[in-house]
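Student: So the sequence lines, in the order shown, correspond to chains A and B.
Quick note, this note's numbering runs 22 ahead of the 1-based positions in the first sequence.
Quick note, this note's numbering runs 840 ahead of the 1-based positions in the second sequence.
Since the hints were derived computationally from the structure, they do not count as laboratory data.
Careful, some of the hints might be misleading.
What the hints assert, rightly or not - Here are the simulated lysine to aspartate or glutamate pairs, EDC-like style, with alpha carbons at most 20 Å apart:
1. B/K897 <-> B/E884
2. A/K95 <-> A/D48
3. A/K130 <-> A/E32
4. A/K92 <-> A/E32
5. A/K130 <-> B/E884
6. A/K77 <-> B/E942
7. A/K130 <-> B/E925
8. A/K77 <-> A/D103
9. B/K855 <-> B/D903
The structure displayed is predicted, hence computed values, not measured ones.
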Amino acid sequence: AQTVTQSQPEMSVQEAETVTLSCTYDTSENNYYLFWYKQPPSRQMILVIRQEAYKQQNATENRFSVNFQKAAKSFSLKISDSQLGDTAMYFCACGNSGGSNYKLTFGKGTLLTVNP
Amino acid sequence: GAGVSQSPSNKVTEKGKDVELRCDPISGHTALYWYRQSLGQGLEFLIYFQGNSAPDKSGLPSDRFSAERTGGSVSTLTIQRTQQEDSAVYLCASSPRTSGPETQYFGPGTRLLVL
């Protein structure tokens, strides 16, 4: 079984500033993947970034980067140069890379508001 | 190309009625997932289809919930005798399932309100 915890229900940041969203997880698997998804008011879940647990290098996608601390089971998301369009719910998720069902286990989300 | 589509976008029903929610995955994606998102909660896994294999129904909350996937493509989630606690957004996702947990591509969801 897996659990994902996002301890920040809400956060806010000024436009152009940097913000970090926290996520911790627990899994008994050795091989797994971690994801950050964004859900704007339109409800469409959009992948922000993904990290394979076997890779030590932190994933980056333009203004988005992660701080993956495998021993601490921590997977935080850093958003640089925040933009108004980044306002959304952000969900951290974990998925096994073994077995036959790659379902994702999600945290409860962090509502991020970017203020002008 | 076209993304995952779901219909209807919104559904209001009376307690006790049956509802059907539809998902059209991305063409060529063999894996299909249903999740439920209740107010203030994360996404909860419901059911998983992979090709012609038997579905993983381990997340269905009760026997009032069922789902099928016809021809390895379109999927329908059926909720019988709806209850108020079934009110939620139901999200469908698909992935190519070539190997490992590839990125899941989500539809816009169906918002279900049971009165």
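Student: Hint by hint, note whether the structure agrees.
Tutor: Evaluation of the provided hints:
1. B/K897 <-> B/E884: Roughly 13 Å separates the two Cα atoms, so the pair holds.
2. A/K95 <-> A/D48: 7 Å, holds
3. A/K130 <-> A/E32: 11 Å, holds
4. A/K92 <-> A/E32: 25 Å, violated
5. A/K130 <-> B/E884: Holds - the C-alpha atoms of B/E884 and A/K130 are around 10 Å apart, at most 20 Å.
6. A/K77 <-> B/E942: OK: A/K77 and B/E942 at ~15 Å, within 20 Å.
7. A/K130 <-> B/E925: OK: A/K130 and B/E925 at ~18 Å, within 20 Å.
8. A/K77 <-> A/D103: 26 Å, violated
9. B/K855 <-> B/D903: 16 Å, holds
Of the hints listed earlier, those the structure fails to meet are numbers 4 and 8, in rising order.
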